[in-house]
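Going line by line, the protein sequences match chains B and Y.
The opening position of the first sequence corresponds to residue 1 in UniProt numbering, with each subsequent residue numbered one higher.
The opening position of the second sequence corresponds to residue 1 in UniProt numbering, with each subsequent residue numbered one higher.
Hints are supplied without guarantee of correctness; some may be wrong.
[To be verified] Here are the simulated DSSO-like pairs of lysine-lysine, each with C-alpha atoms no more than 27 Å apart in a straight line:
#1 B:K455 to B:K481
#2 Y:K122 to Y:K137
#3 Y:K137 to B:K225
#4 B:K372 to B:K484
#5 B:K225 to Y:K133
#6 B:K523 to B:K503
#7 Y:K178 to Y:K137
#8 B:K225 to Y:K122
#9 Y:K178 to Y:K133
Simulated from the structure, these hints should not be mistaken for laboratory data.
These numbers were taken from a predicted model, which means no experiment stands behind them.
What follows is the residue order along each chain.
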Amino acid sequence: MQRMACSFPDEVLEHVFSFVQCDNDRNAISTVCKSWYKIERWSRRRVFVGNCYAISPDMVIRRFPDVRSIELKGKPHFADFNLVPDGWGGYVAPWISAMAAAYPWLEEIRLKRMVITDENLELISKSFKNFKVLVLSSCEGFSTDGLAAIAANCRNLRELDLRESEVEDLSGHWLKHFPDDYTSLVSLNIACLGCEVSFSALERLVGRCPNLRTLRLNRAVPLDKLANLLRRAPQLVELGTGAYSSELRPDVFSNLSGAFSGCKELKSLSGFWDVVPGYLPAVYPICCRLTTLNLSYATIQSPDLIKLVGQCQNLQRLWVLDYIEDAGLDAVAASCKDLRELRVFPSDPYGPEPNVPLTEQGLVSISEGCSKLQSVLYFCRQMSNAALMTIARNRPNMTRFRLCIIEPGTPDYLTLQPLDVGFGAIVEHCKDLQRLSLSGLLTDLVFEYIGTYAKKLEMLSVAFAGESDLGLHHVLSGCEKLRKLEIRDCPFGDKALLANAAKLETMRSLWMSSCSVTFGACKLLGQKMPRLNVEVIDERGTPDSRPESCPIDKLYIYRTVAGSRFDMPGFVWTIDEDSAMRLS
Amino acid sequence: MEKSVNYGDHDDLNLEATELRLGLPGISSSSDIGYEKQSSSASTVVVVRNNKRASPEGIMTQESSTKSNSSVSDARNVGPDSHHQPLAKAQVVGWPPIRSFRRNSFQQKKTDQGDGAGMYVKVSMDGAPYLRKVDLKVYKSYPELLTALENMFKFTIGEYSEREGYNGSEYAPTYEDKDGDWMLVGDVPWDMFIFSCKRLRIMKGSEARGLGCL
Numbered sequence: 001m002q003r004m005a006c007s008f009p010d011e012v013l014e015h016v017f018s019f020v021q022c023d024n025d026r027n028a029i030s031t032v033c034k035s036w037y038k039i040e041r042w043s044r045r046r047v048f049v050g051n052c053y054a055i056s057p058d059m060v061i062r063r064f065p066d067v068r069s070i071e072l073k074g075k076p077h078f079a080d081f082n083l084v085p086d087g088w089g090g091y092v093a094p095w096i097s098a099m100a101a102a103y104p105w106l107e108e109i110r111l112k113r114m115v116i117t118d119e120n121l122e123l124i125s126k127s128f129k130n131f132k133v134l135v136l137s138s139c140e141g142f143s144t145d146g147l148a149a150i151a152a153n154c155r156n157l158r159e160l161d162l163r164e165s166e167v168e169d170l171s172g173h174w175l176k177h178f179p180d181d182y183t184s185l186v187s188l189n190i191a192c193l194g195c196e197v198s199f200s201a202l203e204r205l206v207g208r209c210p211n212l213r214t215l216r217l218n219r220a221v222p223l224d225k226l227a228n229l230l231r232r233a234p235q236l237v238e239l240g241t242g243a244y245s246s247e248l249r250p251d252v253f254s255n256l257s258g259a260f261s262g263c264k265e266l267k268s269l270s271g272f273w274d275v276v277p278g279y280l281p282a283v284y285p286i287c288c289r290l291t292t293l294n295l296s297y298a299t300i301q302s303p304d305l306i307k308l309v310g311q312c313q314n315l316q317r318l319w320v321l322d323y324i325e326d327a328g329l330d331a332v333a334a335s336c337k338d339l340r341e342l343r344v345f346p347s348d349p350y351g352p353e354p355n356v357p358l359t360e361q362g363l364v365s366i367s368e369g370c371s372k373l374q375s376v377l378y379f380c381r382q383m384s385n386a387a388l389m390t391i392a393r394n395r396p397n398m399t400r401f402r403l404c405i406i407e408p409g410t411p412d413y414l415t416l417q418p419l420d421v422g423f424g425a426i427v428e429h430c431k432d433l434q435r436l437s438l439s440g441l442l443t444d445l446v447f448e449y450i451g452t453y454a455k456k457l458e459m460l461s462v463a464f465a466g467e468s469d470l471g472l473h474h475v476l477s478g479c480e481k482l483r484k485l486e487i488r489d490c491p492f493g494d495k496a497l498l499a500n501a502a503k504l505e506t507m508r509s510l511w512m513s514s515c516s517v518t519f520g521a522c523k524l525l526g527q528k529m530p531r532l533n534v535e536v537i538d539e540r541g542t543p544d545s546r547p548e549s550c551p552i553d554k555l556y557i558y559r560t561v562a563g564s565r566f567d568m569p570g571f572v573w574t575i576d577e578d579s580a581m582r583l584s
Numbered sequence: 001m002e003k004s005v006n007y008g009d010h011d012d013l014n015l016e017a018t019e020l021r022l023g024l025p026g027i028s029s030s031s032d033i034g035y036e037k038q039s040s041s042a043s044t045v046v047v048v049r050n051n052k053r054a055s056p057e058g059i060m061t062q063e064s065s066t067k068s069n070s071s072v073s074d075a076r077n078v079g080p081d082s083h084h085q086p087l088a089k090a091q092v093v094g095w096p097p098i099r100s101f102r103r104n105s106f107q108q109k110k111t112d113q114g115d116g117a118g119m120y121v122k123v124s125m126d127g128a129p130y131l132r133k134v135d136l137k138v139y140k141s142y143p144e145l146l147t148a149l150e151n152m153f154k155f156t157i158g159e160y161s162e163r164e165g166y167n168g169s170e171y172a173p174t175y176e177d178k179d180g181d182w183m184l185v186g187d188v189p190w191d192m193f194i195f196s197c198k199r200l201r202i203m204k205g206s207e208a209r210g211l212g213c214l
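Excised from the complex, chain B in its bound form (with noise of 0.2 Å):
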């Protein structure tokens, strides 16, 4: 066997290797034997870190000496929803700063959930002269000015796309800084910045890029510019709107709408804010070639909304507000059978009372109509056993599954039961699921389905949710694939922690906020689990100065093999092996 392996060329299996992109399968690759490790090694181009703390840079680029390619996710998911303090971490400098001296053939760049700075992206600019993609998503820390270094400096650049990061805007002259010569631009996402770029800089920009394919505007786009910006990209596939509004005028609109017809490739839109109805006819002509339509911005009432999503027969995506109301998912299962993915966003989610005739019925409809539905995210203010259940028999291949009732503790409104069976009967009859969110009212119940269930389940988010420890117990000891739990408000503590420590290896990491986990445990944890960072976030202070009994604010455990970081702040402790409490 061992002779057989050696008697190919390592260029031969490199060769071989190529054809291989999947981690999973690179990573299996490299365990054959030692001469296939340091093939596949040399050879790995891209490589995918889901937790920036749980390796070092320098372990990255020993093992991989040439990577083109890097993705690196920093905060936990519920920063999305500040859940996790300012300056908790994430920084991306070390790792900007070990890689321009590591991989000067750098061409992308993607992070989530990072802190990056304009010093940060300067060196990003100057270092990698073949960069190409840089993919910002959920970041803050820098400025325009920093955006301004990557486009003067990046000559290749192909993609720029700054997806919801928080960016300070200094100053929308940026978008100058691309040299008149430059023209490789393919993919532009710019909809999070808050001030006006210089619109003339934009359209040379766009007239001289003959690969744009992607352009995402922001709101300060004016929608009298569009059509001209339209006219210049023929060719786009991907277009988000600035704001979609401007008084009414038939010259303005048959510009615009001849304009959209011209974009025979458009699959997808986006946008769409401060909507005013008259405009959207002009989009019409191209509805039936639409596969995503993102109207999540737009105020538009149920009657407007499924006349325009009535005519995108061949969507797959679709995401909304609740203004589209139960009528309106009714229309959508009716015209949309290509349907995979459905996100209805609230259009007030702080009000005490619900404001639009949006309930579970819709979810139902849906569910009945687009037999491929695969991915939901579903905001609501009520719902019921048997509707869970309905859906659950109806699309038993759901594979995402995320429902927020929301009022917390909200239980069947027709029973007034917990919705225990209805979730059951979503993790039963859906066996491939892969994320699932909970919401209303929940007991232990719902844990023992979950853990007897879900299999397959990856990512799975809990809050105002079970009774006892036994509902966490149910879940570390029963869903063989979690990577990510996350959990809020939930009274767990330290028995199901402790009983089920070894699993916590096995995953990426687990958020607990609001919980019942005293200082005492994750003391005991950090001490008996060397593989993994147990972090305490409490900014009232050192947990020393509380009974160890008392419980803790935020425990975020991730599994490391790069040991306690050192950027935490006062307000992040640590425990490691020789039982000393860490401050960074």
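Could you slot chain Y onto chain B? The hints should help.
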């Protein structure tokens, strides 16, 4: 299914400090929720009476800080001196789970009048040949708006006082509110003003003085 795993009692855990219940956050005692637990032989039935809250009076204000770090335990200690019913959803950090970007878009939407970008209102000045339009969103306070009007129409407005309106000039800035009444600019808080202002009118002469003497 029978619960076979027994974790023993929880005396040592001192859960009182962050006692978690199946009711809404913000409630100080379980008697408010009407929480009842009835055991039967087959299963434990949990019944929670649906305790609807009265809507708050006045404009609901929401902590708009996007970097707020207050914990849920703060939300539970809602003071008895607050005039409004405790608004559980507005005070629980990070619930409902909506990203900052979307939350901030809501904030902006609430201040829009919904008829287009900006919040343009007509401004008429007694004696002027044509009207103008101003975008109220551009200004952050009354002095800013009044200065802009002064520049636009080339006149001076007097000093505002609650008692006498605008003293020291023959002009008085007024606005038409949602009820169709003509109000003196400056009486209500700025945020309330931009919500309710439909158009502006700069009154002149005897009409203005009549208003100022109220």
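Inset, instruction - Would you pick out the hints that fail for this structure and give their numbers low to high? - result: Every hint satisfied by this model.
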